[in-house]
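K.L.:
Given the coordinates of chain A, assemble chain B onto it according to the supplied hints.
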Amino acid sequence: MLKTKNASLLDGYDAGEFYCEMMGKRGLSHTREIRNRLNAFDIAALRQRARSAGQELLDLGITFTVYSDRDAIDRVLPFDVIPRVLSPGDWNTIETGVKQRVAALNAFLHDIYHKQHVLKDGIIPADLVLGNEDYREEMCDVDVPHGSYVHICGTDIVRDDKGRLRVLEDNARCPSGVSYVIENRHLMMRTFPDLAEGIPIADVDSYGAQLARAMAAVAPKDVSYPTVVLLSPGVYNSAYFEHVYLAREMGSPLVEGRDLIVENDKVYMRTTNGLEQVHVIYRRIDDDFLDPEAFRSDSTLGVPGLFRAYRKGNVTLANAVGAGVADDKAVYAYMPRIIRYYLNEDPILESVPTNICREAKGLAKTLDNLDRLVTKPVGEAGGYGVVIGPRASKRELKDLRAKLQKDPSNYISQPMVKLSVCPTLIGRAIEPRHVDLRPFALTGNTTWVLPGGLTRVALKRGSLVVNSSQGGGSKDTWVLV
Amino acid sequence: MSSLLARFAGNIYWLGRYLERAENIARILHINETYGRDDPQGPDWHRVLRLYSDEKRFLAEHEDTSPAAILRFYVLDRNNPSSISYAIAEARENARSVRHLISTEMWTQLNIFSSEVRALGQRDLRINTLASAANLVITGCQTFEGIAEGTFFRGEPWCFYQIGKYLERADQTTRILDISFDRLLLDKDDSVSMVQWNLLLRSVSAYHAYRNRHPGFSRPHDIATFLLYDGEFPRAVALCVQRLTERLQDIETRHGDRRGVNVETTRRAIEFSLETGPGSELTPKKLHRFLDGLQIELGSVSNAIGEAYFT
Chain A
1 MLKTKNASLL
11 DGYDAGEFYC
21 EMMGKRGLSH
31 TREIRNRLNA
41 FDIAALRQRA
51 RSAGQELLDL
61 GITFTVYSDR
71 DAIDRVLPFD
81 VIPRVLSPGD
91 WNTIETGVKQ
101 RVAALNAFLH
111 DIYHKQHVLK
121 DGIIPADLVL
131 GNEDYREEMC
141 DVDVPHGSYV
151 HICGTDIVRD
161 DKGRLRVLED
171 NARCPSGVSY
181 VIENRHLMMR
191 TFPDLAEGIP
201 IADVDSYGAQ
211 LARAMAAVAP
221 KDVSYPTVVL
231 LSPGVYNSAY
241 FEHVYLAREM
251 GSPLVEGRDL
261 IVENDKVYMR
271 TTNGLEQVHV
281 IYRRIDDDFL
291 DPEAFRSDST
301 LGVPGLFRAY
311 RKGNVTLANA
321 VGAGVADDKA
331 VYAYMPRIIR
341 YYLNEDPILE
351 SVPTNICREA
361 KGLAKTLDNL
371 DRLVTKPVGE
381 AGGYGVVIGP
391 RASKRELKDL
401 RAKLQKDPSN
411 YISQPMVKLS
421 VCPTLIGRAI
431 EPRHVDLRPF
441 ALTGNTTWVL
451 PGGLTRVALK
461 RGSLVVNSSQ
471 GGGSKDTWVL
481 V
Chain B
1 MSSLLARFAG
11 NIYWLGRYLE
21 RAENIARILH
31 INETYGRDDP
41 QGPDWHRVLR
51 LYSDEKRFLA
61 EHEDTSPAAI
71 LRFYVLDRNN
81 PSSISYAIAE
91 ARENARSVRH
101 LISTEMWTQL
111 NIFSSEVRAL
121 GQRDLRINTL
131 ASAANLVITG
141 CQTFEGIAEG
151 TFFRGEPWCF
161 YQIGKYLERA
171 DQTTRILDIS
181 FDRLLLDKDD
191 SVSMVQWNLL
201 LRSVSAYHAY
211 RNRHPGFSRP
221 HDIATFLLYD
231 GEFPRAVALC
241 VQRLTERLQD
251 IETRHGDRRG
261 VNVETTRRAI
271 EFSLETGPGS
281 ELTPKKLHRF
291 LDGLQIELGS
301 VSNAIGEAYF
311 T
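Here the protein sequences come in this chain order: A and B. For the first sequence, counting from 1, position 202 maps to 202 in the numbering used here; every step adds exactly one. For the second sequence, counting from 1, position 193 maps to 193 in the numbering used here; every step adds exactly one.
Be careful, since some hints might not be right.
Just some of the chain B residues that point at chain A, by a computed CB distance under 10 Å [what the hints assert, rightly or not]:
hint, residue
1, S3
2, L4
3, L5
4, F8
5, V98
6, R99
7, W107
8, R258
9, T311
Example chain B residues on the side facing chain A (calculated, C-beta under 7 Å, incomplete) [as the list claims (entries may be wrong)]:
hint, residue
10, A6
11, H100
12, T108
13, I112
14, T253
15, R254
16, D257
17, Y309
Just so you know, the hints here were simulated from the structure itself, not pulled from any lab data. Please read all numbers here as calculations on a predicted model, not as lab measurements. Glycine included, each C-beta is placed from N, C-alpha and C at the ideal position.
The shape of chain A in the complex, shown without the other chains (with noise of 0.2 Å):
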């Protein structure tokens, strides 16, 4: 049989317009060794180990499950063997750019709910703080260990046509994500040995002791040994998968609400042998739902009283109540305002230019580019309300108009980020899709990123949307060192 000579895999590969991570403008330096080594494999060879990874997953149950009436289905998140891959330049941007940012976030959360400098400077509106549903007026006053609100974030950063990095957003709240970046790196060294050996990767697999580490060092005052526990909604959230994982790198008891007990202001878990106080608690719950006493008083997940003793400081809550505050768009906005007034410090990494609409330039420029910018509302969650304007029609951006003038404080304005993309095995084909990154750094008494984080792809030609419940998949992130 006759074999076509250099019918190399990235042969026909074109990312067009947009910046590619494998690439770049002209081929990255750092990359040419995997390229080299992608490029032996034929399409076939790489469509066989694609295949044995998705059912690896599978086996291993690295699934959210889908319930219906009468079915339990397990979903895989869609997993792509082509790794994405980061200079250490770039990665030691992100890292720097994340830690400057995370304590930025605790500075100004803290600040927020003790002195509000912050509002009495008129750096950011008053209102826009203390009226936005996720300030928690009762943390007033409340002093956390070491003034660490954000103990676990995720930070979304893309990369745009000119190979820029910038900040999408900030998830303060429980994001989630991390147990697929060390399931992916695990998948990937087992069905690609070939491609990853020699080449120097960060390793990820510390992640679980330095949370351990974390939770241990935000314990409340004179306790020597704390006990950590992760609360979990229970098997039927979908990312259940993630805190099994979680709780077993950090070798913490997985519980739910009602394991959990509050007696004279501390917490307590129902073990075989009666009750057991509780010092760390990790919570993958929504402030609403944690404590039906405090919030929302007909959540079956919470805790009553759990409150009343994080209040006392009887435990510590992670990430703290009322950090959602901070990772609100509207707020997204003056990050680098906010960077630069506590840490007197330029942002190393840049957000997405934002005009303000309830400032009078930022509505002008808004109104003058409506059919150019993304509009978003920012009381909205889930990319409700938002008007993309070279998709809109006429009629919408007559509406939008309409509503800007009417509200202009509940808007901003973006431009369109033309994502990077990626080299990605579709069908029978390695063609371009669009990626982000979600990095991950914990904080107890000092910060650490994972080196990496969480690269969604885009699956759908063209889409922009790398949200598992709308098509994404995930890729191994490489960091170089």
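P.N.:
Showing chain B alone in chain A's frame:
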């Protein structure tokens, strides 16, 4: 000091029980099918309904009482708590809850095994396929048990796993003995019943062990005594009770959980029954009454353990 959540103790106990249950249901279906091969009427599947005291429930829910319907009920029906599908699905759900306490290998095997069981269908219940379906279940459960033996950390969770397993096994052995005994004693033809006795022994993997102990003819009384009392046969009721007693003691002494007063009382009741025995002149009626009593007492131990440790 213990850090085992009460809820997890229950999950692990049930994990052990459900896997043991699935294995034994498969054993019972297999042996019943084999018994019926020589019978012109075919296997009597209603006997299995009686064995698990499911007759009333089954008849209330089903108009179709054909062998196929009964087999469906015991293999595929996910709403039937005494079906293989139900037991394996429950085992997996319980394992999911304690996934961070069991080994990755245990979880992975159970995960793959449960998807194989989920894939079983009508085509696996035919006369020529039932044996291999039963075998798939038995082998899957045994593989899990082997992996647990080699990888499960011998802490308190392991104790609860063992207790669940041995309680269920003891209960199931009494049922297998029960299903065989009345039928075999009715058979007057010695050469036929010899074959059938051997089948019974094979169904609980006791054939060679029993031959070792009793060379020569199989006597019903010896077989019953063997399955109830043999100290070296791993499915013998007395041995199961002994093992679960040891694990209960571990929980009290090594793990310091002293909440088991009621557990102790109910456990002693079984020991007492076993010591007294079914009597020397073994009739099916006597044996049946005795086995019934044991099943009730095993139930009381299970309830006492639940009250003491799982809430």
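K.L.:
Any hints from earlier that this structure breaks? Give me their numbers in increasing order, please.
P.N.:
14 and 15
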